[in-house]
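Asker: If you want the building blocks of each chain, they are given just below.
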Amino acid sequence: MEGVNPFLWKLLEEIRQEGIDLVDVELKQVRNTLVVKVTGELDMLIADNLRSIIDEKLNEGTVRNLIINLEKVTFVDSSGLGVIIGRYKKMTSTEGRMYIVGAKPNVEKILRFSGINKLIPLYKNEQEIINI
Amino acid sequence: MEGVNPFLWKLLEEIRQEGIDLVDVELKQVRNTLVVKVTGELDMLIADNLRSIIDEKLNEGTVRNLIINLEKVTFVDSSGLGVIIGRYKKMTSTEGRMYIVGAKPNVEKILRFSGINKLIPLYKNEQEIINI
Amino acid sequence: MNVTNFVSFEFPSLPQNVSFARSSVGAFVAQLECTLDDIEEIKLVVSEAVSNCIIHGYENDTKGKVIIMVSIYDNNSLEIVIDDHGKGIEDIEQALEPTYSSDSNRMGLGFTLMNSFMDELEVTSIPGEGTRVRLSRSFSLANREAYA
Amino acid sequence: MNVTNFVSFEFPSLPQNVSFARSSVGAFVAQLECTLDDIEEIKLVVSEAVSNCIIHGYENDTKGKVIIMVSIYDNNSLEIVIDDHGKGIEDIEQALEPTYSSDSNRMGLGFTLMNSFMDELEVTSIPGEGTRVRLSRSFSLANREAYA
Ligand SMILES: Nc1ncnc2c1ncn2[C@@H]1O[C@H](COP(=O)(O)OP(=O)(O)O)[C@@H](O)[C@H]1O
Ligand SMILES: Nc1ncnc2c1ncn2[C@@H]1O[C@H](COP(=O)(O)OP(=O)(O)O)[C@@H](O)[C@H]1O
Chain A
1 MEGVNPFLWK LLEEIRQEGI DLVDVELKQV RNTLVVKVTG ELDMLIADNL
51 RSIIDEKLNE GTVRNLIINL EKVTFVDSSG LGVIIGRYKK MTSTEGRMYI
101 VGAKPNVEKI LRFSGINKLI PLYKNEQEII NI
Chain B
1 MEGVNPFLWK LLEEIRQEGI DLVDVELKQV RNTLVVKVTG ELDMLIADNL
51 RSIIDEKLNE GTVRNLIINL EKVTFVDSSG LGVIIGRYKK MTSTEGRMYI
101 VGAKPNVEKI LRFSGINKLI PLYKNEQEII NI
Chain C
1 MNVTNFVSFE FPSLPQNVSF ARSSVGAFVA QLECTLDDIE EIKLVVSEAV
51 SNCIIHGYEN DTKGKVIIMV SIYDNNSLEI VIDDHGKGIE DIEQALEPTY
101 SSDSNRMGLG FTLMNSFMDE LEVTSIPGEG TRVRLSRSFS LANREAYA
Chain D
1 MNVTNFVSFE FPSLPQNVSF ARSSVGAFVA QLECTLDDIE EIKLVVSEAV
51 SNCIIHGYEN DTKGKVIIMV SIYDNNSLEI VIDDHGKGIE DIEQALEPTY
101 SSDSNRMGLG FTLMNSFMDE LEVTSIPGEG TRVRLSRSFS LANREAYA
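Protein chains in written order, with our numbering: chain A, 1 to 132; chain B, 1 to 132; chain C, 1 to 148; chain D, 1 to 148.
If you are wondering where the hints come from, they were derived from the structure by calculation, not from laboratory data. Ideal placement from N, C-alpha and C gives every residue a C-beta, glycine not left out. A couple of the hints might just be wrong.
[As the list claims (entries may be wrong)] Each pair of labels, with its calculated beta carbon distance range: (1) Asn131/B with Met1/C: 53 to 63 Å; (2) Asn60/C with Glu60/A: 26 to 36 Å; (3) Arg112/A with Glu128/B: 48 to 58 Å.
[To be verified] In silico negatives: residues of chain B with every beta carbon more than 10 Å from chain D: (4) Arg31; (5) Val36; (6) Ile110; (7) Lys124.
Please build the complete structure, drawing on both the sequences and the hints.
Answerer: Below you can see the structure in the form of structure tokens.
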């Protein structure tokens, strides 16, 4: 292992510099609610990238409520939780609401373990939020 | 790693000595045709076990034709091919016929690469053999 | 208690190796008699420990090395040791406190997760030389006996 | 041509580690720009080489050690080196012949598969000391460029 000018590392650099998305994320804004649907494993590899994608949108100033859809997330660790909690702080600072929907049992277990569910309510799906 | 008195190794020993099956295999005899349906990865770990399960049945003397159903086999290497070729030699020595059915594309690729398909015809499913 | 199987890995401190490390260790420990949930928990603690080596130990420098050693014992237990040769930890007691993090963007939850999902967590470190995290856990043999 | 990522593994010559080895290497090489079929082929050659260490190198003695080193290069190529400290090979030329096997129950297809599915195969051995198998393969960058 000599020098670090790697193929994949270059890709990561590009991501940082040019905003190419490493994380597979879908953004959908319905009036003042932003829905962020992430696919894959929420760990340190994608944390920075996911954070900046969401923040860029939030900084536009048109988002009041944030829904994180974790339906297609198969793994989350504390780096992933950090991104979620960070967005929560941002949302409450502007008096917005935040929700998490669709967490699989293993992901929900970690959300509950960390106590995040006491700050950000968990729902099965987006429909369930509209019905409340 | 000191001494080898392992949990799993003990299990492997038991398999050898007591005939506990490591390989997930289903045997079905219809008149003089034996259908062997294997599940999992056909490598050196299960090769010996699979070989003795089939041979035990063949040695009963009631089997004339042999069908190996690979529908649920996700991987095969030369240890697995060895078991198949060995059974082929056994079958031809008693003038029986042998067929392979249900190989997935990646498994079929290795069967063709090895030339086994020139000795043992490949079919989609058991029905296709009956129809010939 | 004898070691029945063992694997050691060594790889550079690249972020994409966190995912590789947890899935490889997960594949290895699958030979224990344990549930899929147990394996998910093992993958989580490995993810935490390896992320710590990269983020804290090497401060995101990708030229560091991470070493993982996994041992499986004949009583259906396992030990995972994760080493880095990074900057080390000055105050281990403080590092182990729930919610403590030296990085304001992080949650300080890594060691808490390791502590909760494993039976034992032991951290040793020499500042300037590196950190060793030793994790162990044993699984009941109930399932295994039910099969036999 | 620079190494961009690297992993080395060491584990005992137990049959259950063949499956672990091929799936771990498969997970690691998934970071190359290549197809799922390519990864299947890599898993196959690893399975062959590791089985050889256990069956031939250590003659099924489970106290041996198998070492695998995988390097990924910035031109989308990879190198896999598989070492054992087993009995070694007296006549490498003969061993490489298609269908040659020292074991009448085996097909002598291992090296042929490695040769066919990899760009390069190099076998070095010292009888009584061990064997090294070096495999390499490069993948086209076509896909990668299509994405960029
Ligand atoms: N491998 C390591 N090398 C150096 N410091 C570490 C390492 N692992 C943990 N630490 C220190 O311990 C603190 C607590 O770690 P942890 O509980 O995992 O939380 P977090 O990773 O969120 O900071 C870290 O903030 C860091 O200061
Ligand atoms: N790691 C090894 N150590 C010792 N001998 C080996 C090793 N790998 C291969 N060989 C020798 O080379 C021969 C050919 O290997 P191979 O083509 O894989 O076929 P097979 O495994 O079916 O015998 C083996 O039969 C064995 O004699």
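Asker: Each of the hints needs a verdict: does it hold here or not?
Answerer: Hints, one by one, checked against the model:
1. Asn131/B with Met1/C: 53 to 63 Å: This hint holds: roughly 58 Å between Cβ atoms.
2. Asn60/C with Glu60/A: 26 to 36 Å: holds, 29 Å
3. Arg112/A with Glu128/B: 48 to 58 Å: holds, 52 Å
4. Arg31: It holds; arginine 31/B is separated from chain D by about 30 Å at its closest Cβ, greater than 10 Å.
5. Val36: holds, 19 Å
6. Ile110: Incorrect as stated: the minimum Cβ-Cβ distance to chain D is 7 Å, not above 10 Å.
7. Lys124: The claim stands: lysine 124/B keeps its Cβ more than 10 Å from every Cβ of chain D (closest is about 21 Å).
Of the numbered hints listed earlier, the single one contradicted by the structure is hint 6.
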